[in-house]
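Peer 1: In case you want the letters, here they are:
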Amino acid sequence: DVLMTQTPVSLPVSLGGQVSISCRSSQSLVHSDGNTYLHWYLQKPGQSPQFLSYRVSNRFSGVPDRFSGSGSGTDFTLKISRVEPEDLGVYYCLQSTHFPPYTFGPGTKLELK
Amino acid sequence: EVKLLESGGGLVYPGGSMRLSCAASGFTFTDFYMNWIRQPAGKAPEWLGFIRNKANGYTTEYNPSVKGRFTISRDNSQNMLYLQMNTLRAEDTATYYCARSVYYGSYVFDYWGQGVMVTVSS
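The listed protein sequences derive, respectively, from chains U and L. Once you know that position 34 of the first sequence is 64 in this note's numbering, the rest is easy, because the numbers rise by one and skip nothing. Once you know that position 58 of the second sequence is 1195 in this note's numbering, the rest is easy, because the numbers rise by one and skip nothing.
Bear in mind the hints are in silico, worked out from the structure with no lab data behind them. Ideal Cβ placement from N, Cα and C applies to all residues, glycine included. Certain hints may be false.
What the hints assert, rightly or not - Derived, one-sided and incomplete: chain U residues facing chain L with beta-carbon distance under 10 Å:
id, residue
1, Arg54
2, Gln57
3, Val60
4, His61
5, Tyr84
6, Phe90
7, Asp117
8, Gly119
9, Leu124
10, Tyr132
11, Phe134
12, Pro136
13, Gly137
As the list claims (entries may be wrong) - In silico DMTMM-like cross-links for lysine to aspartate or glutamate, where the CA-CA straight-line distance does not exceed 25 Å:
id, chain 1, residue 1, chain 2, residue 2
14, U, Lys143, U, Asp95
15, U, Lys74, L, Asp1212
16, U, Lys74, L, Glu1138
17, L, Lys1140, U, Glu116
18, L, Lys1204, U, Glu116
19, L, Lys1140, U, Asp31
20, L, Lys1180, L, Asp1212
21, U, Lys74, L, Asp1247
22, L, Lys1180, L, Glu1138
Claimed, not checked - So the derived list for chain U, only partly shown, Cβ under 7 Å to chain L, looks like this:
id, residue
23, Ser62
24, His69
25, Gly76
26, Arg85
27, Ser87
28, Ser111
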């Protein structure tokens, strides 16, 4: 299975600030079709995960442009600008290039300073 | 509006069985792959498996970690998804989610239910 790691484990932020979350995979996520299947989710406290972005940098419907994804190969980053209270929670990356199984990262908790 | 509502969780003894259900609404059920994903308290989600859509023959794929013990099925006449879990272990204790897949070159989970808790304990 592809092992996903995320840093940091916890990320204190001030409202209005900017943060970056790193996600790394144990092998390249470039698929034989040329696409990279790395996706991001946010799990707010007491809720189920919600879909943020797909294929590294494509935001899902309704996700604000304060969220931006980047990266390639094995290293990926989710950047959040102008952090708002509704952005707090645990962020997970997910790979679907090497399947089965799909594998999630361990999560990064975004919390207030 | 897409809605997914799981049911059937609770307490089960080790070695026992349990069937979870997921009621889907707000979309054409037969057009979509459907998944089961679980999440132990305080840990990351773990994908368990999916059942394909009508166009792909409703076939299934599983995480090797549960293959042979868990079975996913669907009743398309009722817009229902099921997860049959056998020979349950303490490590199967988790919140179980059903999730719809959307195709973006690969199938990823766009909508999740609110989850149902399963506790395996004597």
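Peer 1: Compare the structure with each hint and give your call.
Peer 2: Quick rundown of the hints versus the structure:
no.: 1; hint: Arg54; verdict: 14 Å, violated
no.: 2; hint: Gln57; verdict: 16 Å, violated
no.: 3; hint: Val60; verdict: 12 Å, violated
no.: 4; hint: His61; verdict: 7 Å, holds
no.: 5; hint: Tyr84; verdict: 5 Å, holds
no.: 6; hint: Phe90; verdict: 7 Å, holds
no.: 7; hint: Asp117; verdict: 18 Å, violated
no.: 8; hint: Gly119; verdict: 13 Å, violated
no.: 9; hint: Leu124; verdict: 7 Å, holds
no.: 10; hint: Tyr132; verdict: 4 Å, holds
no.: 11; hint: Phe134; verdict: 5 Å, holds
no.: 12; hint: Pro136; verdict: 5 Å, holds
no.: 13; hint: Gly137; verdict: 5 Å, holds
no.: 14; hint: U:Lys143 with U:Asp95; verdict: 23 Å, holds
no.: 15; hint: U:Lys74 with L:Asp1212; verdict: 31 Å, violated
no.: 16; hint: U:Lys74 with L:Glu1138; verdict: 20 Å, holds
no.: 17; hint: L:Lys1140 with U:Glu116; verdict: 21 Å, holds
no.: 18; hint: L:Lys1204 with U:Glu116; verdict: 37 Å, violated
no.: 19; hint: L:Lys1140 with U:Asp31; verdict: 31 Å, violated
no.: 20; hint: L:Lys1180 with L:Asp1212; verdict: 31 Å, violated
no.: 21; hint: U:Lys74 with L:Asp1247; verdict: 15 Å, holds
no.: 22; hint: L:Lys1180 with L:Glu1138; verdict: 29 Å, violated
no.: 23; hint: Ser62; verdict: 12 Å, violated
no.: 24; hint: His69; verdict: 5 Å, holds
no.: 25; hint: Gly76; verdict: 10 Å, violated
no.: 26; hint: Arg85; verdict: 6 Å, holds
no.: 27; hint: Ser87; verdict: 12 Å, violated
no.: 28; hint: Ser111; verdict: 24 Å, violated
When each numbered hint is compared with the structure, violations occur for hints 1, 2, 3, 7, 8, 15, 18, 19, 20, 22, 23, 25, 27, 28.
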